[in-house]
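Trainee: Now for the letters of each chain:
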Amino acid sequence: MRNPSSLKQEILKKWVMGLQICSSSKKEMTILERKKAIKLSADIAMASARNASKYWSRALIANASKQDENKALLDHILGCDLEKIKKKSSIVSIKRKKIVLRSKKILKKRVKNIGVASYIAKRLVKKRTQLLKRLVPGGESMDELSLMEETLDYIVSLRAQVDVMRHLANASMHLDHKVSSSMDQMLL
Amino acid sequence: MSSRRSRSRQSGGVSRITEDQIGDLVSKLQQLIPELRSRSSDKVSASKVLQETCNYIKNLHREVDDLSDRLSELLASTDTNSAQAAIIRSLLM
Numbered sequence: 001m002r003n004p005s006s007l008k009q010e011i012l013k014k015w016v017m018g019l020q021i022c023s024s025s026k027k028e029m030t031i032l033e034r035k036k037a038i039k040l041s042a043d044i045a046m047a048s049a050r051n052a053s054k055y056w057s058r059a060l061i062a063n064a065s066k067q068d069e070n071k072a073l074l075d076h077i078l079g080c081d082l083e084k085i086k087k088k089s090s091i092v093s094i095k096r097k098k099i100v101l102r103s104k105k106i107l108k109k110r111v112k113n114i115g116v117a118s119y120i121a122k123r124l125v126k127k128r129t130q131l132l133k134r135l136v137p138g139g140e141s142m143d144e145l146s147l148m149e150e151t152l153d154y155i156v157s158l159r160a161q162v163d164v165m166r167h168l169a170n171a172s173m174h175l176d177h178k179v180s181s182s183m184d185q186m187l188l
Numbered sequence: 001m002s003s004r005r006s007r008s009r010q011s012g013g014v015s016r017i018t019e020d021q022i023g024d025l026v027s028k029l030q031q032l033i034p035e036l037r038s039r040s041s042d043k044v045s046a047s048k049v050l051q052e053t054c055n056y057i058k059n060l061h062r063e064v065d066d067l068s069d070r071l072s073e074l075l076a077s078t079d080t081n082s083a084q085a086a087i088i089r090s091l092l093m
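Line order of the protein sequences matches chains A and B.
Heads up: the first sequence begins at 1 in full-length UniProt numbering, then just goes up one per residue.
Heads up: the second sequence begins at 1 in full-length UniProt numbering, then just goes up one per residue.
Careful: at least some of the hints might be erroneous.
[Unchecked claim] Derived SDA-like pairs (lysine to any residue); straight-line CA-CA distance at most 25 Å:
no., chain 1, residue 1, chain 2, residue 2
1, A, Lys-13, B, His-61
2, A, Lys-8, B, Gln-31
3, A, Lys-13, B, Arg-70
4, B, Lys-58, A, Ala-169
5, B, Lys-48, A, Val-125
6, A, Lys-36, B, Asp-66
7, B, Lys-28, A, Lys-36
8, A, Lys-127, B, Pro-34
9, A, Lys-36, B, Asn-55
10, A, Lys-54, B, Glu-63
11, A, Lys-127, B, Asp-69
12, A, Lys-8, B, Asn-59
13, B, Lys-28, A, Leu-152
14, A, Lys-127, B, Ser-45
15, A, Lys-54, B, Glu-52
16, B, Lys-58, A, Ile-155
17, A, Lys-133, B, Asp-66
18, A, Lys-126, B, Ile-33
19, B, Lys-58, A, Leu-152
20, A, Lys-127, B, Glu-35
21, A, Lys-54, B, Ile-22
22, A, Lys-133, B, Pro-34
23, B, Lys-28, A, Val-156
24, A, Lys-126, B, Cys-54
25, A, Lys-54, B, Asp-65
26, A, Lys-39, B, Asp-65
27, A, Lys-66, B, Asp-69
28, A, Lys-122, B, Asp-69
29, A, Lys-8, B, Arg-62
30, A, Lys-54, B, His-61
31, B, Lys-58, A, Gln-9
32, A, Lys-133, B, Gly-23
33, A, Lys-133, B, Ile-22
34, A, Lys-133, B, Lys-58
Derived by calculation from the structure, the hints in this document are not laboratory data.
As the structure is a computational prediction, the values presented were derived from the model and not from experiment.
Using the sequences and the hints, build the whole thing.
Mentor: Here it is, written out as structure tokens:
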């Protein structure tokens with residue numbers, strides 16, 4: 001199992017890189033723009049911390065690269081890896097779609113032999129699998145097995161991302177209080 | 001990992017062999033989700049694990065969104081105060 005704190009360090013490092021790029025390009029930002037920049041930097045950092053070894057991370061980066069305004073940020077964090085990642089993600093999605101079609105045909109044949117209760121259970125699982133596919137980046141073009149594997153990795157990365165962001169938010173808040181309370185003390 | 005997948009494709013029955021693998025992954029997922037970790041693996045159905053997984057991911061997405069909001073406000077407020085701005089800006093923005 002990966003070292004969780006090294007994952008967090010990778011995410012923090014790349015997130016900070018992204019934030020610095022965002023602030024250097026635009027002097028004045030609305031709160032909404034700043035929020036989008038923070039969130040996007042965090043997502044790209046989370047994806048690239050996995051070194052594009054996972055399908056979800058490549059899908060996340062490929063989706064972000066579709067918008068021109070994100071180009072500078074992606075180039076800064078990923079560098080020349082960006083083109084490789086985009087190529088890799090487009091090839092794999094085609095292959096996976098073929099596997100999905102084949103297994104759906106086999107499933108339909110087997111359903112006729114199963115009893116009602118397990119049929120309903122399978123449909124419930126199918127429905128929830130569809131939901132999960134929409135939540136995991138690139139999930140739509142994954143077969144069930146890959147979806148489960150990718151979900152495991154995605155959840156671990158999401159947790160690391162949340163931890164990093166929470167620590168920074170708390171640290172900033174405490175800094176806020178310390179500086180303002182010490183300033184109050186100086187003025188009194 | 002890839003060798004296991006190619007073996008299952010060769011034998012023809014995609015759903016038969018991969019059900020064990022999926023079961024294994026479902027129990028691993030169950031360990032990750034705080035809601036389900038305390039329960040034993042026999043009692044929780046696959047559909048329940050999937051449902052809780054979806055909820056968990058949605059919650060994590062929401063947390064990221066809320067934290068982004070908080071951070072953008074925190075960084076905005078430091079614009080007015082030069083001491084805080086200097087410290088935090090030197091770290092990030």
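Trainee: Each hint should be assessed against the structure and marked as holding or not.
Mentor: Outcome of the hint check:
no. : hint                  : verdict
1   : A/Lys-13 to B/His-61  : 21 Å, holds
2   : A/Lys-8 to B/Gln-31   : 20 Å, holds
3   : A/Lys-13 to B/Arg-70  : 20 Å, holds
4   : B/Lys-58 to A/Ala-169 : 21 Å, holds
5   : B/Lys-48 to A/Val-125 : 9 Å, holds
6   : A/Lys-36 to B/Asp-66  : 11 Å, holds
7   : B/Lys-28 to A/Lys-36  : 33 Å, violated
8   : A/Lys-127 to B/Pro-34 : 23 Å, holds
9   : A/Lys-36 to B/Asn-55  : 23 Å, holds
10  : A/Lys-54 to B/Glu-63  : 23 Å, holds
11  : A/Lys-127 to B/Asp-69 : 32 Å, violated
12  : A/Lys-8 to B/Asn-59   : 19 Å, holds
13  : B/Lys-28 to A/Leu-152 : 8 Å, holds
14  : A/Lys-127 to B/Ser-45 : 14 Å, holds
15  : A/Lys-54 to B/Glu-52  : 22 Å, holds
16  : B/Lys-58 to A/Ile-155 : 11 Å, holds
17  : A/Lys-133 to B/Asp-66 : 23 Å, holds
18  : A/Lys-126 to B/Ile-33 : 20 Å, holds
19  : B/Lys-58 to A/Leu-152 : 14 Å, holds
20  : A/Lys-127 to B/Glu-35 : 21 Å, holds
21  : A/Lys-54 to B/Ile-22  : 18 Å, holds
22  : A/Lys-133 to B/Pro-34 : 21 Å, holds
23  : B/Lys-28 to A/Val-156 : 12 Å, holds
24  : A/Lys-126 to B/Cys-54 : 13 Å, holds
25  : A/Lys-54 to B/Asp-65  : 23 Å, holds
26  : A/Lys-39 to B/Asp-65  : 7 Å, holds
27  : A/Lys-66 to B/Asp-69  : 24 Å, holds
28  : A/Lys-122 to B/Asp-69 : 39 Å, violated
29  : A/Lys-8 to B/Arg-62   : 19 Å, holds
30  : A/Lys-54 to B/His-61  : 19 Å, holds
31  : B/Lys-58 to A/Gln-9   : 24 Å, holds
32  : A/Lys-133 to B/Gly-23 : 18 Å, holds
33  : A/Lys-133 to B/Ile-22 : 15 Å, holds
34  : A/Lys-133 to B/Lys-58 : 12 Å, holds
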